[in-house]
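Sequence order for the protein chains is Y and R.
Using our numbering, read the first sequence as starting at 2 and increasing by one per residue.
Using our numbering, read the second sequence as starting at 463 and increasing by one per residue.
If you're looking for bench data, these hints aren't it; they were derived computationally from the structure.
It is possible that some hints are incorrect.
Covered stretches of chain R, as calculated for chain Y (at least 3 residues, CB under 8 angstroms) [said to hold, decoys possible]:
1. 497-504
2. 508-514
3. 521-530
4. 534-548
With the C-beta cut set under 8 angstroms, the calculated list includes, among others, these residues of chain Y facing chain R [stated by the list, open to error]:
5. Pro-85
6. Gly-118
7. Gln-420
Just so it is clear, CB atoms sit at the ideal spot from N, CA and C, and this is done for glycine as well.
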Amino acid sequence: MILAVVIAYLLVVTVVGVLGHRLFRGTGEDYFLASRSIGPFVLLMTLVGTNMTAFTMLGASGEAHRQGIRVFALMGSSSALIIPFLFYFIGTRCWWLGKRQGYLTQVQFIRNRYNSGALGTLLFVVLILLMLPYMLIGVKGGGDALTAITGGQMTGVPSWVGSLLVCTVIFGYVTYGGMRSTAWVNTFQTVVFMVVGAVAFFVIVGRYGGIGGAMETLRETHHDLVVFGTGRFRTLQMLSYLLLPLSIGAFPHLFSHWLSAKNAAAFRSAIVLYPLCFAVVWFPSVALGTIGRIDFPPPLDGPILVKLILSNAGGLLAGCLGAGVFAAIMSSLDSQSLALGTMFTQDIVRHYGFHNKLSEQRQVLFGRVFVALFLLLAFLCSLVTTQSIFALGVWSLTGFAGLLPIFVGALYWKRSTKQGAAAAILTVVALWAYFFSQSLRIEGAYTVAGSGLIPAGVIVPASVLALIIVSLATAPPKEISKFFPSAVQPEPREPDVA
Amino acid sequence: MSGQLKFSAIIGNDEPEPPTLNHNHHPRWVLLLIPILVLVFANFWLWESDSLIFGLPVNLLYHIGFCVLVAAVMLVVVKRAWPPYLDKK
Chain Y
2 MILAVVIAYL LVVTVVGVLG HRLFRGTGED YFLASRSIGP FVLLMTLVGT
52 NMTAFTMLGA SGEAHRQGIR VFALMGSSSA LIIPFLFYFI GTRCWWLGKR
102 QGYLTQVQFI RNRYNSGALG TLLFVVLILL MLPYMLIGVK GGGDALTAIT
152 GGQMTGVPSW VGSLLVCTVI FGYVTYGGMR STAWVNTFQT VVFMVVGAVA
202 FFVIVGRYGG IGGAMETLRE THHDLVVFGT GRFRTLQMLS YLLLPLSIGA
252 FPHLFSHWLS AKNAAAFRSA IVLYPLCFAV VWFPSVALGT IGRIDFPPPL
302 DGPILVKLIL SNAGGLLAGC LGAGVFAAIM SSLDSQSLAL GTMFTQDIVR
352 HYGFHNKLSE QRQVLFGRVF VALFLLLAFL CSLVTTQSIF ALGVWSLTGF
402 AGLLPIFVGA LYWKRSTKQG AAAAILTVVA LWAYFFSQSL RIEGAYTVAG
452 SGLIPAGVIV PASVLALIIV SLATAPPKEI SKFFPSAVQP EPREPDVA
Chain R
463 MSGQLKFSAI IGNDEPEPPT LNHNHHPRWV LLLIPILVLV FANFWLWESD
513 SLIFGLPVNL LYHIGFCVLV AAVMLVVVKR AWPPYLDKK
């Protein structure tokens, strides 16, 4: 039953992706950005879906099982606060520049803005290295989820089967339909995992006497899970977690989705409704993870959400959960693989191999080949990786958050220079590598010198400082007016009189 | 009607609205909203409370309400601080 529901879901996803291909125009811009035609509803759902990964459903509930309701503030409402501002300040400006200058990738923008091919290539390498572990979250999460739902390590479907299923389905609709299929599928999948999360929540808390009954039980038996507390929940930790969502502003796949918008007005609904969508997705995940402590004390041998559903609901709901997890996973992984295909085609093949002369058909062909290669690489890596989903995610987000100042500088600070941007990138790389190596020496979540401050709390300010200091110490860039809107709003023209 | 906040203008309507600003960039007062919201976000005065309201721990309910507050603030931002250059054809 469980496998049947999951496979039926994957078939529906494939059909939606194939339908998206019917509008395909055969050009590179259509394949990579859906000809910049995505409207407000699909843009909102795509942006929400793209930012929800296996971590949201499995990792967050697992973390809530360990830490309690404070996880909602750490990763849920912190994102709900920061991300709409990123859409407003970064997303709309990137869309505006992309439309005017014809950009398809972040690297094209940075190369053009700073007039430096080498800087763009440096950024390209760092983005790829950060993106791969983030893709692994999806591939590995899909495999682990299917194993857990179908009976665990001993009797369930092997993890590699779930990973292969995820990669195969994504390969199908992303290579076939490009951005339009990806956006349509993401919209469908976002609705699916929102509904599945809500249904799972009501079914499970019903077995515990409602949310009030479950929380009352927790308050008596696991008091520390229903309070934020001051001992473990440090101010520094809470505030530094606000830095992690900054990573959204530097994601290559978010950049692609921003550029696919039909017009700037399409951003309005995403900016306003994003915090509500985030709450709708994160609340059931965190609440169920916390409630899971009542019957399932740590350590666990599988995801808490899966254990709750298997013990409180039948195979049908478990199958739906599997579909919901796959939805959350694939709605990110498809965008990531498409973005990587776009970057390799535009930033490497087109830039170096064909000196910006590459036919539309060959752009699409290269894009498809690179999508397939990256999915294959992510699948192979998922077979050997041992890091937990949560750890992989946090380290990837940390690196992307450190890169955000470079994009903010390029978009808003005319005085920023290529040397400053390069210094910021190298600072992020050096600090990230240092903190990551330190984290391998300790058990559990790493904070800087045990202070509660996560590494992003050091890396982001250091990146800002490097950008500012080196930019001010080097010669200002020339001829950059085309990257900035005119300071004064143009006078409205008199209407034409017939 | 033009002064009212129309919800239909956010969901499903992708047509640009008449500009509300006489300059051409993202207003700086929007940036000031971020530290204000961060202060509201860090509800340290409630951190040790174990009260349940509507069956939910008060801190969890607070942060759900916080998400609604952010949505309301962003509604005002897109209505009152939308840079005209974005909608220029």
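- request: Quick one: see if chain Y covers the stretch 508-514 of chain R, three-plus residues with Cβ-Cβ under 8 angstroms.
  value: With 6 residues in contact (Cβ-Cβ under 8 angstroms with chain Y), the coverage given for the stretch 508-514 of chain R holds.
query: Does Gln-420(Y) meet its interface restraint, that is, does its C-beta lie within less than 8 angstroms of any C-beta in chain R?
result: At 26 angstroms from the nearest chain R Cβ, Gln-420(Y) fails the 8 angstroms test, so the hint is violated.
message: Please check whether the stretch 497-504 of chain R has three or more residues whose CB lies within less than 8 angstroms of a CB on chain Y.
response: holds (count 4)
query: Is the interface hint for Gly-118(Y) satisfied, with its Cβ closer than 8 angstroms to some Cβ of chain R?
result: Hint on Gly-118(Y): violated, closest Cβ of chain R at ~29 angstroms, above 8 angstroms.
- prompt: Counting residues of the stretch 534-548 of chain R that have a beta-carbon nearer than 8 angstroms to any beta-carbon of chain Y, does the count reach 3?
  reply: holds (count 9)
- prompt: Checking C-beta pairs, does the stretch 521-530 of chain R have three or more residues closer than 8 angstroms to chain Y?
  reply: Since three or more residues must qualify, the claim that chain Y covers the stretch 521-530 of chain R holds, with 7 doing so at under 8 angstroms.
Supplied contact hint for Pro-85(Y), tested at 8 angstroms Cβ to chain R: holds, 5 angstroms
Hints 6, 7, counting from the list given before, are not met by this structure.
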